[in-house]
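Number of protein chains: 2
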Amino acid sequence: MNKDKLAIEALRILSVEQITRANSGHPGIALGAAPILHTLYSKHLKVSPKHHQWINRDRFVMAAGHGSALLYALLYLADFGLDLDDLMQFRQFGSKTPGHPEVHITPGVDASSGPLGQGIAMATGMAIGEEYLRARFNRPELPIIDHYTFVLCGDGDLQEGVTQEAMSLAGHLGLSKLIVLFDSNDIQLDGKVANTNTEKASDKYPAMGWDYLFVSNGEDLDELSEALGIAKKNSKPTIIEIKTIIGFNSSVANTAKAHGSPLSQEEVQKMRAEFGGEAFSVPTEVWGYYQKNIVDSGKAQFEKWQQLWYRYQAEYPHEAQQLQNLDHWEIDENWDRLFNFDEQYKKATRATSGEILNHLQTLHPGLIGGSADLSSSTKVKGIDGDFSKTKRLGRNLNFGVREHAMGAIANGLALHGGIRPFVGGFFVFSDYLKPAMRLSSLMDLPVIYIFTHDSIAVGEDGPTHQPIEQLSQLRSTPHLNVIRPADANETLVAWDVIMKTQNNPVALILTRQDVPNITNKKLANHLRQGAYVISPERKKLDGVFLASGSEVKLALDAQTELYKDGLDVRVVSMPSFYLFEKAEQAYQEQVIPKDVKTKVAIEMSDAVHYYRYLGDNGLLINIETFGQSAPAGKLLSHYGFTVDNVVRLFKECWQKNHSK
Amino acid sequence: MNKDKLAIEALRILSVEQITRANSGHPGIALGAAPILHTLYSKHLKVSPKHHQWINRDRFVMAAGHGSALLYALLYLADFGLDLDDLMQFRQFGSKTPGHPEVHITPGVDASSGPLGQGIAMATGMAIGEEYLRARFNRPELPIIDHYTFVLCGDGDLQEGVTQEAMSLAGHLGLSKLIVLFDSNDIQLDGKVANTNTEKASDKYPAMGWDYLFVSNGEDLDELSEALGIAKKNSKPTIIEIKTIIGFNSSVANTAKAHGSPLSQEEVQKMRAEFGGEAFSVPTEVWGYYQKNIVDSGKAQFEKWQQLWYRYQAEYPHEAQQLQNLDHWEIDENWDRLFNFDEQYKKATRATSGEILNHLQTLHPGLIGGSADLSSSTKVKGIDGDFSKTKRLGRNLNFGVREHAMGAIANGLALHGGIRPFVGGFFVFSDYLKPAMRLSSLMDLPVIYIFTHDSIAVGEDGPTHQPIEQLSQLRSTPHLNVIRPADANETLVAWDVIMKTQNNPVALILTRQDVPNITNKKLANHLRQGAYVISPERKKLDGVFLASGSEVKLALDAQTELYKDGLDVRVVSMPSFYLFEKAEQAYQEQVIPKDVKTKVAIEMSDAVHYYRYLGDNGLLINIETFGQSAPAGKLLSHYGFTVDNVVRLFKECWQKNHSK
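So the protein lines, in turn, are chains D and X. Position in the first sequence (from 1) plus 592 gives the number in the numbering used here. Position in the second sequence (from 1) plus 592 gives the number in the numbering used here.
Watch out, some of these pointers could steer you wrong.
No distinction is drawn between identical chains; accordingly, a pair holds when it is met within one copy or between any pair of copies.
Pairs of lysine-lysine residues, derived as BS3-like cross-links and limited to a Cα-Cα distance of at most 27 Å, are as follows [what the hints assert, rightly or not]:
(1) Lys-1113 <-> Lys-1145
(2) Lys-896 <-> Lys-1189
(3) Lys-938 <-> Lys-597
(4) Lys-825 <-> Lys-792
(5) Lys-1114 <-> Lys-939
(6) Lys-1226 <-> Lys-688
(7) Lys-981 <-> Lys-1189
(8) Lys-784 <-> Lys-828
(9) Lys-1186 <-> Lys-1248
No lab work stands behind these hints, which were simulated from the structure alone.
Please work from the sequences and hints to get the whole structure.
See the structure below:
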């Protein structure tokens, strides 16, 4: 057996040994796609296992994340930092080898994957990031940014809409350094691919601006390697369809059973016996082969690049410094001095946010983003023109009506490094990108989501365009900081919070309609604690209003009216439950005292998260049905978001609590 | 001006008059696509305005829902039931002419639309419904089901992933009676389409199993009508790209400004002056033309069909009865007698549900559905084989890995009538179809969503596959009944609730792991009230456990342990917040008494909805972070879902409440 074949068989046996030992995992792809991963890593992928965070490495996304065991086998053999025990702990608690690849857990993993469709879209983001940084930082004879982005995907990935959105955009943008390796084995979980999909990939992807290559035999490494070579020289993104056999050479080869059921211990032992050696052992030749062709060659490539980088630092110290700082960009402490909103200031928070974002972009070259065909409405737009095939320095990503890919691409941009991505849309359509937002949260990526048109105050466009449950959805998503500012100053502070956030996504929720300025910079600064007393009671504490966004003004107006009637109420602005729940317990109880019975929350949403603070005697003024099409003022009054109604409901609640 | 041109101009002026009067709406598509809608309705669409619910009418989906004013103008002129005042009330509170079309509000509207991408996917569902019912009910020379499904879409629709998923499936299934009219005007909201999309539609859609036709001039009615004629005879689904000019003949023609900003009053008055007559008036010739070509010809077609139907009823009384009853299928009261789960019964609720669903399908011929490539895991599969090009009676929809289209197609099936659709997937991936679920809820469609693998007990597949926030998301969605049964009997009752639900979607949330049977039929029957006392306190009421799904057993075990320590606790099973909140207030307070301080809720999710019932002194045992990859048992213990930990936390809470 030649060394390539031997290495491939080693990958296969190590994969199924992990899976069968864990009694959990996906042998089908591991057995089928081993030659692809082997060929990619040993003959094409520019990575250095000892420098796995190297900014100019080729990126690799295992879109078919269920192929994790294969990836771990390779990362182990190529000395990325996994050891034998890690393989033995496949899918066990706290191990470096979780069920699907997780970027912060395993060295050499460039993206968390598993949810189908996300991988190709994240890779598209990585490829955009490379193009931008290359255009921005490279100098003649100093190509410090110059790498490919590879993806391994299966049939399922390509069926996902988010993939199709991303591929359509990648084709349009001519992302020539994006290469998709399509593990085409004609089988998916429910049976033959042909039972649900009979597209002609060879025609479809060229129509979308891609080159399509075909490898008729995935076991033929020359054919495979040649296709990879062609793809790398291409002027378009390339998809290589590679015919493989799911569960290759196993008892379940070429059947859906191979997908997700571990092989029996007997079968794995038999495979091991044929291969030779102890369980989990690998012949010296294989170690040597990978040492030479991945570890050493990668190190050589890294060192060659390092020479370039030293020259770059010498010749372009400013740019070198800038590039190094991009991921931890320290914004001028007084960046916000330009913005002073007086008492007369009255604009939609989306408009205020748009102005702030434009300014921030001039201060931070890594801020890149855009909207899903709504930039004129959301005010979320990159500067310096559209990023396009001919203009790689354009910082506006014109995503088209591709919300889901927008989110996943933002993840890819953040994963690449050097980019701080922001994206925008109507809040109700955050539904379309939720799977990508979940991955931002899971990967702790500082993606900036900006959602406007945040309530029934959208008005005439009607219920399809009016969010109700979206605030609850996002507030319930772990690690996601949802901020809904009440006015211009809170919006400004929110942006400062965003710029100082390094390790989790933020969703900024903004109004369509104008809102008056109700704070000053000092007061709004308390947004950092998530919630704060925006207007205290005067003498006694008869009750507390809790509200966020445009409803804070409503609470303030109700407070004024109630005072006239002898009820002395505090108003708490609550822009971020996430931050408030991180604040100290004592602060939380100081802002929302437990012993005040009449706590009334006001929010034009389902607003379920307020119940946590309302106790036995509080009241939630919310919306539990859908909106309607009508002018906003009419809707606010219909749904009870008027001073009169809020005053009335507060009094009812207060009387009930005090008649007991 | 010939009558066609005159009618088109009437549609245009009526559209912009509505929009400018409302000072809100989208003139661009109305002016551009008027010839398309005119040609479709007056020369091709088989509808009878006086019988707008006719089961055999051609369906029309205005996927580009922002073109509502144009649709209303046509429905007004074709006498579907809108009057002049309705047009004057465009986008006003309570009117029949909301901002985007809403199926339950306006006669002649076949689907609510507005969120881009949903329309083509819903139409795909309608076309599947037609194929199935046609195959099932037609008899020689009695084609009682035989109609087309038309869609009008814009560039934005085609960029959406959900559209691409649906079109891929429609092509695969050879839905030859599905016809997409693509209003191709080269402009979208953020500017030129070419700035974000340069696909070759003429190559792409044929590669996906569609025929592609091109109409070079949307103003040329002969060319348009000819293309429609060809499409109707086609053996594949057809997309007709029709070149139009957004904002045709207005001051903003051919610009993105035309999309969503009303024309000025002056401009509309000028257009009206050129057209002639008073504002909102229409020449007699146009009324006459539509009377003849839509109202009268539709009536004639309906009456011709009615003759067929009478013959059908006479010759096939059983089938006729069945067809008529499909939408209100009364299931045998004792359908569940087959299922008797004894004390030893222990299976995953997904498995129990799968058996029940299979049985129900034999009882109800309208039950059709499937999974997004997970039928072996979800146990959600249609009977009688795959629905395919050659087997239209197959009741399993093999959706492929196309979750989002699956949801939207289910909406289309339900909208068609005669079908009770069910769909299945992993719960965490409900994220992928949320936009479609929202539309099910908004349209009050009885779509059955079945989601399995409902918690961290998924185990080894890890955090990407473990739902956390999904229960909260769906519980917060209006009109959606989320049911998470605790055992086999609750699952059985849940299915009875589902079968009796006519006007809203249900999401059934099921375990991957085995759960013991903890109720009997009588007890589980209380699921109908949403929550109930599954195990009462014995003598005194020291506290209450609230739980759903697999955690109910945990609560029962903790109850037993606490009793040994002298604490007498009630356990409430809470499978459906939706139903519980519809139950009488007195019942609610009886089940969860307000005056019991120590209320402890247990759920392996974010579980925020329980706070509503926990008061000032309760405790929520939930998960506010992501899961991990490990065997389920290990995770349950790590995240604190063990009897010991629950007992400990209950005691802490109780002591805190009783030391005050």
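Evaluation of the provided hints:
1. Taking the closest pair of Cα atoms, Lys-1113 and Lys-1145 come within 27 Å of each other only inside a single copy of the chain (17 Å); across copies the shortest separation is 52 Å, beyond that limit.
2. Proximity of Lys-896 and Lys-1189 under a CA criterion of 27 Å is satisfied in neither setting, with 69 Å inside one chain copy and 69 Å between copies.
3. Neither within a single protomer nor between protomers do Lys-938 and Lys-597 lie at most 27 Å apart by alpha-carbon distance, with minima of 70 Å and 47 Å respectively.
4. Taking the closest pair of Cα atoms, Lys-825 and Lys-792 come within 27 Å of each other both inside a single copy (24 Å) and across two copies (23 Å).
5. Taking the shortest Cα distances, Lys-1114 and Lys-939 sit within 27 Å of each other inside one copy (20 Å), while across copies they are farther apart (59 Å).
6. In this assembly of identical chains, Lys-1226 and Lys-688 lie within 27 Å of each other by CA distance solely across copies; the values are 16 Å between and 56 Å within a copy.
7. For the identical chains of this complex, Lys-981 and Lys-1189 are neighbours neither inside a copy (61 Å) nor across copies (64 Å), given an alpha-carbon limit of 27 Å.
8. Proximity of Lys-784 to Lys-828 under the C-alpha cut-off of 27 Å is restricted to the inter-copy arrangement: shortest distance 22 Å between copies versus 30 Å within a copy.
9. In this assembly of identical chains, the alpha carbons of Lys-1186 and Lys-1248 lie at most 27 Å apart whether taken from the same copy (17 Å) or from different copies (15 Å).
The structure shown violates the earlier hints numbered 2, 3, 7.
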